[in-house]
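Protein sequence lines correspond, in order, to chains A and B. As numbered in the UniProt record's numbering, residues 1 to 270 make up the first sequence, in order. As numbered in the UniProt record's numbering, residues 1 to 470 make up the second sequence, in order.
A few of these clues could be false.
[What the hints assert, rightly or not] Within a straight-line C-alpha distance of at most 20 angstroms, the following computed SDA-like cross-link-like pairs (lysine to any residue) qualify: (1) B:Lys26 to B:Met178; (2) B:Lys379 to B:Gly134; (3) B:Lys264 to A:Arg66; (4) B:Lys114 to A:Phe193; (5) B:Lys391 to B:Thr342; (6) A:Lys53 to B:Thr342; (7) B:Lys114 to A:Lys53; (8) A:Lys53 to B:Phe254; (9) B:Lys352 to B:Thr393; (10) A:Lys59 to B:Gly252; (11) A:Lys53 to A:Asp243; (12) A:Lys146 to A:Phe193; (13) B:Lys265 to A:Asp243; (14) B:Lys114 to A:Arg66; (15) A:Lys59 to B:Phe254; (16) A:Lys53 to A:His95; (17) B:Lys209 to A:Asp243; (18) B:Lys114 to A:Val110; (19) A:Lys53 to B:Phe283; (20) A:Lys53 to B:Gly134; (21) B:Lys209 to B:Phe283; (22) B:Lys264 to A:Asp243; (23) A:Lys53 to B:Ala208.
[Said to hold, decoys possible] Now the in silico label distances, taken between C-beta atoms and shown as ranges: (24) B:Arg133 to A:Asn119: 43 to 49 angstroms; (25) A:Glu115 to B:Leu76: 58 to 64 angstroms; (26) B:Arg33 to A:Arg18: 55 to 61 angstroms; (27) A:Ile36 to B:Arg133: 30 to 36 angstroms; (28) B:Glu41 to A:Arg242: 46 to 52 angstroms; (29) B:Ala469 to A:Glu104: 38 to 44 angstroms; (30) A:Glu257 to B:Met176: 21 to 27 angstroms.
Think of the hints as simulated: they come from the structure by calculation, not from any bench. Virtual Cβ for every residue (Gly too), placed ideally from N, Cα, C.
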Amino acid sequence: MILTVNHVTTYQYDAPMRSAVQSLRLFPSRFDGQRIIRWDVSVEGGIRGGSFKDGAGDKIEAWSVRGPVAEVTITATGQVETTDLAGVLRGHREHVPPLSYLCETPATWVDDALETLANEAILGAEDDLERAHRLARAVSSAIAYKPGVTHAHTTAAEALALGEGVCQDHAHALIAAARTVGLPARYVSGYLFARDDGEPHEAAHAWAEVHVPTIGWIGFDPANECCPDERYIRLGSGADARDAAPIKGIALGLGEESLDVAVALEATQQ
Amino acid sequence: MTNYFNEMYDAGKVREPYARLEGWTKDMPAELRQMKQAEAEALFRRIGITFAVYGEGGDPDRLIPFDMFPRVFTQLEWRRLERGIKQRARALNAFLLDVYGRGEIVRAGKIPAKLVYQNEAFERAVTGFTPPRGIYSHIVGIDLVRTGPDDFYVLEDNCRTPSGVSYMLENREIMMRMFPQIFRENRIEPVDGYADALRRTLASVAPAKCDREPTIAILTPGHFNSAYYEHSFLADLMGVELVEGADLFVEGGFVWMRTTEGPKKLDVIYRRIDDAFLDPLCFRPDSMLGVPGLMDVYRSGGVSICSAPGAGVADDKAVYTFVPEMVRFYLGEEPILQNVPTWQCAKADECKYVLENLGDLVVKEVHGSGGYGMLVGPKSTKEQIETFRAKITEDPDNYIAQPTLALSTTPTFVEEGIAPRHVDLRPYCLVGEKIELVPGGLTRVALTEGSLVVNSSQGGGVKDTWVLAE
């Protein structure tokens, strides 16, 4: 599938800021399931900084904007050819030891309920791959998709207690559940081409990857009860949503920030 | 009664390093000594070298007590120590380069993967990035204790930002000012080359992109930090800027320092703040001490950070056990300096031994420092021991234990005259284009009779440390 992306993020400040700095993880991953046809990232009025590949294989580019600045607009646009690999992250170059993802973060803190959920889910499972699938299913059924009940700082344990949440909560819960049974897991941010009905859909998306020693990293999307296929574009990963955020930024000054995100995804027939 | 090695007197005879000091103290009348001690204190106070102790309250500007009786090594003793220290510094750096790269030592099964990769100090953000010359820890402070003429043990390694070197320099300065005569009578190796050596070391790890004389700065958390004096002292001696996070900004792939003449590009940052506070975009988002975007500049090769972020995984107290193994694995040599035998409470059988022998052991927190959160079994009350028993049982992974070492003593001026007190030693090894060690270090002394805790935060004092020239 060929997917065309137009992703515009705008930060507005009610008072001009002294300066802004961004660290962007806004580039589609290079692996067997994705081929980048064209891709461009820019920050309006910004100065491009250093760019590099981090240990997890993500391309990161730094930008800065000189003040006074009242608005920062970040645009990522391009075309990616995707292939369904049943979630397997094949051919992805990275250096991070999977074990390092077994460390807890505040968002993926494990409480008794998560531990019980995980342990019950894997009862009788034959191998790690089956364990991972079962954990993803358990998270899907324990947390119903419902926007607006959780927020950016909701933890996995809180979402499970609520029984409702969005993709970020599903991913955090799966990461926490996997870790508690000894499977390294991480947060993935990207895009999802939901439906081709001409209507706009929320296309910014997140899921989790679980590391199975015999195979490698495998994506699971508990929010949609599937593994990522050709409708998904993978941008980057991290220990949790904050760590894997496509845009990390900071603006210095006293203004209040408001955020507007627009992601348009289109499929081009081959 | 334990027999402690006295560095000055061996079976009633004066040992070689102290031969010329015996007369010096014998001839010194008590009044002169008191006068000199007061003078020393006034000098320390005037230059402003004070040490604020975390969490103890009281006078935040209190002085670390200075003892005028120097601690002395012969050239021969020092050379062996020097070889051992440099060897250890090389091995620790090789370990860091390895675990943030291919992880050969883990693959070879020489150290448990969990201990390295699930360590709090392991920074995933710098895996796959190689700092200039592959060096992570540019200033390695190795804490040593002595139990016999040739027996030195490493208590712990400090690979991040070991402090205290300003005391090494100031102690010498003050001794020379007060007792010029004994510096004429003894041929003592100088330590004042440290600042130049540190500057050379930092300059030698400037990024490849830097095509001129590198600009260096010391990044301090500010004057509230207990080691602020040292930060400004070293900046002065090296002739480099002392900056706080707010003085710096990133743009175009470089770090810039705000100056009265406009922004100046910075090539090497000698940071004296912890990893967690370096960059709110990469680490703690609430950090006000760091520089937003700094880690991106670092990882794209625009600036060098000393010590490298992530260096702390090498000086963790649980990783410490494996340093002799690192020496063998990376250097193919036998370790010159010994480790103190260490029991890991994380291992059930070792934990059992520790709990059964708490009264004889020293128990430390794996991530603790500065003598806090520590139990010295033989010097503790039943109650203190029981408190630790509960803590260890609750969270065994967080504790290690070591035998109570018979720390050597050196003569020390006390109320009643001169008496032996226990000491340790922290030399500062510089790792850059070359590995350098100035002949000396910081000797800390436990001023309380019988005490084995030398930490300045626990009432320890400091001494000038001499290495005799041949």
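Results for each hint:
no.	hint	in the structure
1	B:Lys26 to B:Met178	holds, 17 angstroms
2	B:Lys379 to B:Gly134	violated, 43 angstroms
3	B:Lys264 to A:Arg66	holds, 16 angstroms
4	B:Lys114 to A:Phe193	violated, 38 angstroms
5	B:Lys391 to B:Thr342	holds, 18 angstroms
6	A:Lys53 to B:Thr342	violated, 39 angstroms
7	B:Lys114 to A:Lys53	violated, 25 angstroms
8	A:Lys53 to B:Phe254	holds, 17 angstroms
9	B:Lys352 to B:Thr393	holds, 10 angstroms
10	A:Lys59 to B:Gly252	holds, 17 angstroms
11	A:Lys53 to A:Asp243	holds, 15 angstroms
12	A:Lys146 to A:Phe193	holds, 19 angstroms
13	B:Lys265 to A:Asp243	violated, 29 angstroms
14	B:Lys114 to A:Arg66	violated, 43 angstroms
15	A:Lys59 to B:Phe254	holds, 18 angstroms
16	A:Lys53 to A:His95	holds, 10 angstroms
17	B:Lys209 to A:Asp243	violated, 28 angstroms
18	B:Lys114 to A:Val110	holds, 19 angstroms
19	A:Lys53 to B:Phe283	holds, 18 angstroms
20	A:Lys53 to B:Gly134	holds, 18 angstroms
21	B:Lys209 to B:Phe283	violated, 25 angstroms
22	B:Lys264 to A:Asp243	violated, 31 angstroms
23	A:Lys53 to B:Ala208	holds, 18 angstroms
24	B:Arg133 to A:Asn119: 43 to 49 angstroms	holds, 48 angstroms
25	A:Glu115 to B:Leu76: 58 to 64 angstroms	holds, 60 angstroms
26	B:Arg33 to A:Arg18: 55 to 61 angstroms	holds, 58 angstroms
27	A:Ile36 to B:Arg133: 30 to 36 angstroms	holds, 34 angstroms
28	B:Glu41 to A:Arg242: 46 to 52 angstroms	holds, 50 angstroms
29	B:Ala469 to A:Glu104: 38 to 44 angstroms	violated, 54 angstroms
30	A:Glu257 to B:Met176: 21 to 27 angstroms	violated, 57 angstroms
Violated hints, in rising order: 2, 4, 6, 7, 13, 14, 17, 21, 22, 29 and 30; the structure is consistent with all others.
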